[in-house]
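Chains as they are written, first to last, in numbering that gives the first Met the number 0: chain A, 0 to 322; chain B, 0 to 322; chain C, 0 to 322.
Among these hints, one or two may not hold up.
Because identical chains share one entry, a pair is satisfied inside a single copy or across any pair of copies.
Said to hold, decoys possible - Below are the EDC-like pairs computed for lysine to aspartate or glutamate, each with C-alpha atoms no more than 20 Å apart in a straight line: (1) K149 x D292; (2) K149 x D109; (3) K33 x E205; (4) K91 x E298; (5) K33 x E172; (6) K178 x D77; (7) K178 x E97; (8) K315 x E298; (9) K299 x D47; (10) K33 x D206; (11) K149 x D265; (12) K149 x D206; (13) K33 x D109; (14) K91 x E22; (15) K149 x E205; (16) K178 x E205; (17) K149 x D189; (18) K178 x D189.
Simulated from the structure, these hints should not be mistaken for laboratory data.
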Amino acid sequence: MLLLLGQIHQALGGALIGSKSIEIVGLAPIASAKAGDITFLSHPQFADQLQKTQASCVIVFPQFQDLASQRGACIVVDNPYAYYARLTQLWKSQHSPEPQAFVHPTAWIDPLAQVHPSARIGPFCWVDAGATIGANTWLKSHVSVSRQCKVGANCIIHSGVVIGADGFGFAPENSHWIKIEQLGGVHIGDDVEIGANSCVDRGALEDTVIENGVKLDNLVQIGHNVHVGAHTAMAGCVGVAGSARIGAHCTIGGGAVVLGHLQLVDHVHISAASVVTRSILQAGNYTGFFPIDHNATWEKNAASLRQLNQLRHRLKGLEKGNT
Amino acid sequence: MLLLLGQIHQALGGALIGSKSIEIVGLAPIASAKAGDITFLSHPQFADQLQKTQASCVIVFPQFQDLASQRGACIVVDNPYAYYARLTQLWKSQHSPEPQAFVHPTAWIDPLAQVHPSARIGPFCWVDAGATIGANTWLKSHVSVSRQCKVGANCIIHSGVVIGADGFGFAPENSHWIKIEQLGGVHIGDDVEIGANSCVDRGALEDTVIENGVKLDNLVQIGHNVHVGAHTAMAGCVGVAGSARIGAHCTIGGGAVVLGHLQLVDHVHISAASVVTRSILQAGNYTGFFPIDHNATWEKNAASLRQLNQLRHRLKGLEKGNT
Amino acid sequence: MLLLLGQIHQALGGALIGSKSIEIVGLAPIASAKAGDITFLSHPQFADQLQKTQASCVIVFPQFQDLASQRGACIVVDNPYAYYARLTQLWKSQHSPEPQAFVHPTAWIDPLAQVHPSARIGPFCWVDAGATIGANTWLKSHVSVSRQCKVGANCIIHSGVVIGADGFGFAPENSHWIKIEQLGGVHIGDDVEIGANSCVDRGALEDTVIENGVKLDNLVQIGHNVHVGAHTAMAGCVGVAGSARIGAHCTIGGGAVVLGHLQLVDHVHISAASVVTRSILQAGNYTGFFPIDHNATWEKNAASLRQLNQLRHRLKGLEKGNT
Chain A
0 MLLLLGQIHQ
10 ALGGALIGSK
20 SIEIVGLAPI
30 ASAKAGDITF
40 LSHPQFADQL
50 QKTQASCVIV
60 FPQFQDLASQ
70 RGACIVVDNP
80 YAYYARLTQL
90 WKSQHSPEPQ
100 AFVHPTAWID
110 PLAQVHPSAR
120 IGPFCWVDAG
130 ATIGANTWLK
140 SHVSVSRQCK
150 VGANCIIHSG
160 VVIGADGFGF
170 APENSHWIKI
180 EQLGGVHIGD
190 DVEIGANSCV
200 DRGALEDTVI
210 ENGVKLDNLV
220 QIGHNVHVGA
230 HTAMAGCVGV
240 AGSARIGAHC
250 TIGGGAVVLG
260 HLQLVDHVHI
270 SAASVVTRSI
280 LQAGNYTGFF
290 PIDHNATWEK
300 NAASLRQLNQ
310 LRHRLKGLEK
320 GNT
Chain B
0 MLLLLGQIHQ
10 ALGGALIGSK
20 SIEIVGLAPI
30 ASAKAGDITF
40 LSHPQFADQL
50 QKTQASCVIV
60 FPQFQDLASQ
70 RGACIVVDNP
80 YAYYARLTQL
90 WKSQHSPEPQ
100 AFVHPTAWID
110 PLAQVHPSAR
120 IGPFCWVDAG
130 ATIGANTWLK
140 SHVSVSRQCK
150 VGANCIIHSG
160 VVIGADGFGF
170 APENSHWIKI
180 EQLGGVHIGD
190 DVEIGANSCV
200 DRGALEDTVI
210 ENGVKLDNLV
220 QIGHNVHVGA
230 HTAMAGCVGV
240 AGSARIGAHC
250 TIGGGAVVLG
260 HLQLVDHVHI
270 SAASVVTRSI
280 LQAGNYTGFF
290 PIDHNATWEK
300 NAASLRQLNQ
310 LRHRLKGLEK
320 GNT
Chain C
0 MLLLLGQIHQ
10 ALGGALIGSK
20 SIEIVGLAPI
30 ASAKAGDITF
40 LSHPQFADQL
50 QKTQASCVIV
60 FPQFQDLASQ
70 RGACIVVDNP
80 YAYYARLTQL
90 WKSQHSPEPQ
100 AFVHPTAWID
110 PLAQVHPSAR
120 IGPFCWVDAG
130 ATIGANTWLK
140 SHVSVSRQCK
150 VGANCIIHSG
160 VVIGADGFGF
170 APENSHWIKI
180 EQLGGVHIGD
190 DVEIGANSCV
200 DRGALEDTVI
210 ENGVKLDNLV
220 QIGHNVHVGA
230 HTAMAGCVGV
240 AGSARIGAHC
250 TIGGGAVVLG
260 HLQLVDHVHI
270 SAASVVTRSI
280 LQAGNYTGFF
290 PIDHNATWEK
300 NAASLRQLNQ
310 LRHRLKGLEK
320 GNT
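Use the sequences and the hints to build the structure in full.
Set out below in structure tokens:
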């Protein structure tokens with residue numbers, strides 16, 4: 000597998016400083032790149048690695064052009080990380096191109112489903128009556144898309160994803176649960192990626208909505224009637240309970256939980272493993288998890304924590320005594 | 000899609016105040032209901048919405064009969080939410096009735112499995128030798144039911160559920176793990192619903208048991224030899240470790256973890272994301288997660304938390320000095 | 000189902016004290032074992048159960064030989080729990096032997112995949128072009144193994160596992176996410192067991208690696224470029240973010256989260272539901288979760304926790320005033 004630096008430059012642009020005939024045989028992180036590799040400088044804090052790297056070309060910000068060109072070839076761009084992302088796409092298209100439109104012989108598409116002719120439907124996928132799959136969208140394998148569920152264009156739905164299972168709705172009566180039929184569907188926009196074994200439930204009355212450009216990692220749970228705004232990303236194992244309304248351009252760290260019926264405005268960033276128990280109406284970074292420690296230390300602090308309110312009152316008492 | 004109010008009343012009962020010929024074209028939450036919709040008042044705290052709603056009929060508690068009938072048609076019942084649940088069932092049965100007994104052509108049922116003739120076995124489901132599927136039970140798609148696993152009657156098992164994978168059992172020896180074969184099965188009662196991609200492991204020696212009426216949401220993990228009492232409900236992403244014994248009529252919030260070999264008595268309610276580390280022998284509500292905050296505030300409090308036991312001792316020292 | 004004690008002894012060794020002709024009809028925990036059962040004493044703290052058990056034979060440590068032989072037959076070994084594990088294997092091989100090499104008629108193996116002739120490929124499994132499945136490995140059902148993914152010998156991959164979905168990699172540009180193609184694969188060693196519906200993502204540039212003897216429970220998420228050292232075990236619902244490097248012989252409790260790019264050395268033990276936010280360079284036990292409590296108590300302590308840093312400063316002020 001090989002690309003000339005000139006081919007990369009021609010395909011992706013940027014300012015190339017160095018020879019177009021340099022042979023690139025691999026992509027690598029800056030710390031482990033060898034001769035023949037192309038790499039990138041993702042953050043000014045890694046600038047010291049620029050001088051040490053053996054890479055044959057480094058993609059850099061304009062402010063590092065001088066430093067980078069002293070050591071060898073470089074491509075100067077405003078967003079090296081995004082350039083690098085496009086380079087991975089170029090690399091893949093050259094060396095292991097994706098399949099064209101296909102329906103795998105083991106897939107089952109209901110005659111009443113609407114699947115765009117350009118879609119790619121992998122092994123053991125099931126698209127039920129009334130479901131819609133958009134142009135260029137790819138269901139990898141073992142994906143379920145139920146009735147009334149619509150997946151937009153250019154989506155990647157990874158293996159084992161379940162779109163349109165019933166939302167979790169039951170009314171209590173005489174200590175039993177009465178099922179609330181889930182009459183809504185799921186509406187997934189364009190350019191959405193959903194990770195393996197994630198679930199997006201159908202709505203109770205209206206649709207669960209995932210807007211354009213949303214990226215969900217593996218094992219994510221999206222409850223019924225949730226609304227996820229455009230270009231929001233959630234890492235693995237996140238759970239979003241029913242009717243939560245999450246804004247655009249948010250990020251939610253792995254294992255975080257968002258309770259039901261809450262609102263998160265645009266540009267809210269939730270740290271991993273945090274539990275969102277109230278609406279967040281101001282953009283920013285929010286966190287809440289117990290810091291890890293040696294088990295013995297944790298035990299003492301956790302025990303004290305269970306008396307914290309008492310401690311506060313005792314402190315208040317002391318303060319009064321002192322005044 | 001349309002039902003007359005009289006048809007609803009005839010099917011589901013309650014005291015109808017208003018004309019039987021009113022046409023109902025949809026179900027909606029009280030806050031967004033429009034003319035033609037039927038809605039319900041779920042909780043007295045939403046009473047102010049009763050006067051504002053445009054709905055053509057509201058299902059209400061007896062104490063709201065006067066207020067509701069002043070504004071239009073209403074149905075008066077003791078449990079509006081349960082009535083509404085049954086209405087969703089009626090609506091669905093009229094407008095998108097569920098399929099009768101079927102075995103999807105892609106499903107694989109072992110000749111030595113016992114599947115009730117009224118069961119519904121969806122695409123890519125696998126029912127192994129020695130497994131049993133009860134009357135009217137529905138396996139949606141990509142469901143696995145292994146040998147020695149029994150699913151009762153009137154259950155809904157959503158897509159991707161795995162019933163009867165091996166419990167996680169290994170004995171350490173010379174720094175290696177020796178597999179403990181899981182010789183038990185799984186016993187699931189009647190009227191159980193299990194959400195998409197959830198897992199119920201087989202027991203080590205005896206069966207893992209899910210009693211009648213239990214409702215599990217998506218991505219729930221039930222370890223080997225767990226016993227879940229009747230009518231208990233667990234929200235998404237809950238994990239229950241091996242041999243835990245959970246009572247009847249419990250609720251466990253999303254993302255909570257129950258450690259192994261614990262006992263929870265009946266009517267225990269665990270908040271989302273809480274970690275149950277000891278048996279709970281008294282009914283009630285239990286919680287334990289770190290409250291979310293602005294990241295900067297959290298950082299300071301988390302840092303202080305790691306010294307909390309020290310702080311307690313310093314406080315004690317001050318108190319002694321003061322007396 | 001029946002084995003003579005002499006057959007067990009002959010197959011598994013140890014020092015048998017008692018008659019070889021005793022009939023064993025079941026395996027059971029010491030607390031519930033009945034006549035005809037064989038059981039084991041796993042820990043000295045359960046020694047009082049030794050005298051009460053009705054079991055026909057007890058597997059014990061040497062120090063309990065006298066006590067055990069007074070009450071009936073026993074087998075004396077250095078590691079009763081490992082002996083018991085092997086006994087479950089013997090029992091299973093006698094009473095419900097595992098299938099020999101097979102490819103289920105519903106499985107789909109790409110002609111360019113390499114599947115060892117001794118492997119067992121269950122219903123609805125998909126092995127893509129360029130994937131490799133080792134000797135005696137068993138894919139249970141609905142398993143996906145994508146291109147460039149290698150599963151070693153003697154592995155058990157439970158139902159619904161996804162090996163080789165794309166890692167979660169996107170570069171931000173103009174408030175959109177640009178996909179970083181995941182060009183690496185997955186390399187899984189020998190004797191690995193992966194629980195139902197777990198996911199192991201392919202690497203971004205290099206492979207995600209699971210070394211020999213690793214045991215993962217259900218619903219575990221392993222991000223791209225993670226490296227899991229030999230004989231490490233992770234309980235259900237664990238999430239390990241990208242590029243984390245976890246040592247050998249570690250254990251990670253259920254629902255724990257390990258953030259990306261961290262290193263855990265060998266023999267690190269993480270408690271359930273703990274969040275690993277920094278590298279752990281010293282073997283030991285680490286914990287971090289909020290202790291559960293009655294909801295009302297938790298509310299007070301959680302409220303105080305949000306002022307903890309303030310409290311610390313107030314305490315410091317008091318201390319200064321006192322000196």
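20 Å Cα threshold - placement of E22 relative to K91 = Only inside one copy: K91 and E22 sit 17 Å apart there, 58 Å across copies, limit 20 Å.
Indicate which option fits the pair K178, D189 if close means a Cα-Cα distance not exceeding 20 Å: within, between, both or neither.
-> between (32 Å within a copy, 14 Å between copies)
With identical chains treated as interchangeable, where does the CA-CA distance between K149 and D206 reach 20 Å or less: within a copy, between copies, both, or neither?
-> Result: close within a single copy only, 10 Å intra versus 34 Å inter.
Since the copies are identical, ignore which copy is meant and state whether K178 and D77 lie within 20 Å (CA to CA) inside a copy, between copies, both or neither.
-> The answer is between: 17 Å across copies meets 20 Å, while 54 Å in one copy does not.
Please work out whether the CA atoms of K149 and D292 approach to 20 Å or closer within one copy, between two copies, in both situations, or in neither?
-> Classified as neither: same-chain Cα gap 46 Å, cross-chain 36 Å, threshold 20 Å.
With identical chains treated as interchangeable, where does the CA-CA distance between K33 and D109 reach 20 Å or less: within a copy, between copies, both, or neither?
-> Neither: 51 Å inside a chain and 34 Å across chains, both beyond 20 Å.
K33 and D206: within-copy, between-copy, both or neither at 20 Å Cα | Between copies only: 17 Å across, 50 Å inside.
Tell me, please, which holds for K299 and D47 at an alpha-carbon limit of 20 Å: within, between, both or neither?
-> Neither: 42 Å inside a chain and 31 Å across chains, both beyond 20 Å.
Quick one: K91 to E298, C-alpha cut-off 20 Å, is that within a copy, between copies, both, or neither?
-> For K91 and E298, neither the intra-copy (50 Å) nor the inter-copy (41 Å) Cα distance is at most 20 Å.
Should K33 paired with E205 be assigned to within, between, both, or neither, using CA atoms and 20 Å as the limit?
-> between (54 Å within a copy, 14 Å between copies)
Is it within a copy, between copies, both, or neither that the alpha carbon of K149 lies no farther than 20 Å from that of D109?
-> within (14 Å within a copy, 30 Å between copies)
Alpha-carbon proximity between K33 and E172, which holds within one copy, between copies, both or neither at 20 Å | For K33 and E172, the Cα distance exceeds 20 Å both inside one copy (67 Å) and across copies (27 Å).
Against the hints set out earlier in the document, violations occur for numbers 1, 4, 5, 9, 11 and 13.
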